[in-house]
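Use the sequences and the hints to build the structure in full.
In my numbering, the protein residues as written are 1195 to 1690.
Please note: incorrect hints may appear among the correct ones.
Cut-off 25 Å, straight-line C-alpha distance, at most; resulting in silico cross-link-like pairs (BS3-like, lysine-lysine) [unchecked claim]:
hint, residue 1, residue 2
1, Lys1303, Lys1354
2, Lys1303, Lys1355
3, Lys1553, Lys1303
4, Lys1354, Lys1302
5, Lys1553, Lys1302
Cβ-Cβ distance ranges computed for the label pairs, FRET-style [to be verified]:
hint, residue 1, residue 2, range
6, Glu1259, Lys1355, 19 to 27 Å
7, Leu1339, Thr1554, 38 to 46 Å
8, Gly1688, Val1258, 46 to 54 Å
For the record, the hints were derived by calculation from the structure and aren't laboratory data. For glycine and all other residues, C-beta sits at the position ideal for the given N, C-alpha and C.
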Amino acid sequence: MSASMQLGGILATPLIGLVLVSLSGRAPNLREGITLTTAVTLFVQVLGLVGDVLGGARPALTLVEMLPGMSLALAVEPLGALFALIASGLWIVSSLYSIGYMRGNNEKKQTRFFVCFAGAIFAAQGIALAGNMLTLFLFYEAMTLITYPLVTHHGTEHAKKSARIYLGVLMGTSILFLLTGMLATYVLAGTLDFRQGGILAGQVGAAGTAALVALYMFGIGKAALMPFHRWLPAAMVAPTPVSALLHAVAVVKAGVFSVLKVIVYVFGAQNLMDLGSADWVPIIAGFTIVAASVVALRADNLKRRLAYSTVSQLSYVTLAATLLAPISLVGAAMHIAAHAVGKITLFFAAGSIYTAAHKTEVSQLDGIGRRMPWTMTAFAIGALSMIGLPPAAGFISKWYILSAAMSTEHWIAVGVLILSTLLNAGYFIPIVWRAFFRAPVADAHHDDHHGHGHGDHGEAPWLMVLAQTVTASLTIALFLYHEPVLRLARAVAGGN
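This is the structure in structure tokens:
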């Protein structure tokens, strides 16, 4: 199979899986077997593509030619290959976890859940492989629409209200700002095709570029840059596997991936540095990092704390990308991967706690590590990564970002990184401390909404424990064996 046909195959695989899953809804075992088979198949396809990209290949495939310089097209480069690999790889463990969670909590509408999950991965692959802004935009919007039913999964009024916020913020920012920026780009450059060095380089002055940067940065609402971040904590009403999808596998990763892609291939890092048109973005990103960390520090609800942690961590990527140094671009790409495996571990652990113990608040977690040692050990590893401590992957990416801030003498960024690391420790370490070093509070053996007592609970279903053990292990493995990811990240920065 040619490299260009590989791109088509990668895009078709989750779509085929989606159809087969929808047709097998009355046979849960078959439905879930199809989900896992599709996920593994996609990962193998993407892995082969990544090998080609590391070898220097840059396959492309035009789907539809609409206007001169405007087409639906696929093209893979190192950053896209990295995102495609993250999304496809984590789909496997997310599927394992989701099977355990949906069965363990007797969730309704399970077939719709797995169909929408496959659709989200399809959109993620389309974003990763997009050869131009038009293609990226269409798959970006498709992801918003396909994940909307997941946010409304429980069907309550609260879920519907939260989903309206989710849809309103993401669609509103993309149509008002991102689409406007794209149209302006096409008028100025005559094309939307991604180009090393930036398609806008030399096409517009400093003031015009600054305006376009604002349209793109705030138009990519999935990156959750304040003040367009409310959709993310609102979406926490969804089941935990959906939270994992939103925060680690697809949605927010699509946001920060798009930010980095725009910086490198639409504006050009060197072009922005010469014009000084993006110098304000690290300030906004720094504010988002610190403000979200402060909210997380005060949140007792575990998923809310994790949600605001995600808002903060995403802006590390935006901050790094807009420092515009080659080493900062490497740090941004590395942090996309490090955050993916670390944050999905944390959400997996939160879902396991809910399933086994029906606890949702941090203040309820005293001594839970003695009953759920696998879960809380995985949580501790994910927390280390978010703080940026070895031996977890977050240390590597934060080291590159801090090195970039110091080498560019951006002292505000240095201060933000130091302060936010302390805040990260402030809202994660107490959870681990409570779990392992405080005596358990005597449970009242109350029944949950499924009629199960939780006073003598143990671990969650084994599929959930397996999934979070795998992602926790990946968090450490990415610290120890990060060279392949680092090669892709360096290729993004250097254009190789």
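Next on the checklist: Tell me the hint numbers this structure goes against, listed in increasing order.
Outcome noted: 6, 7 and 8
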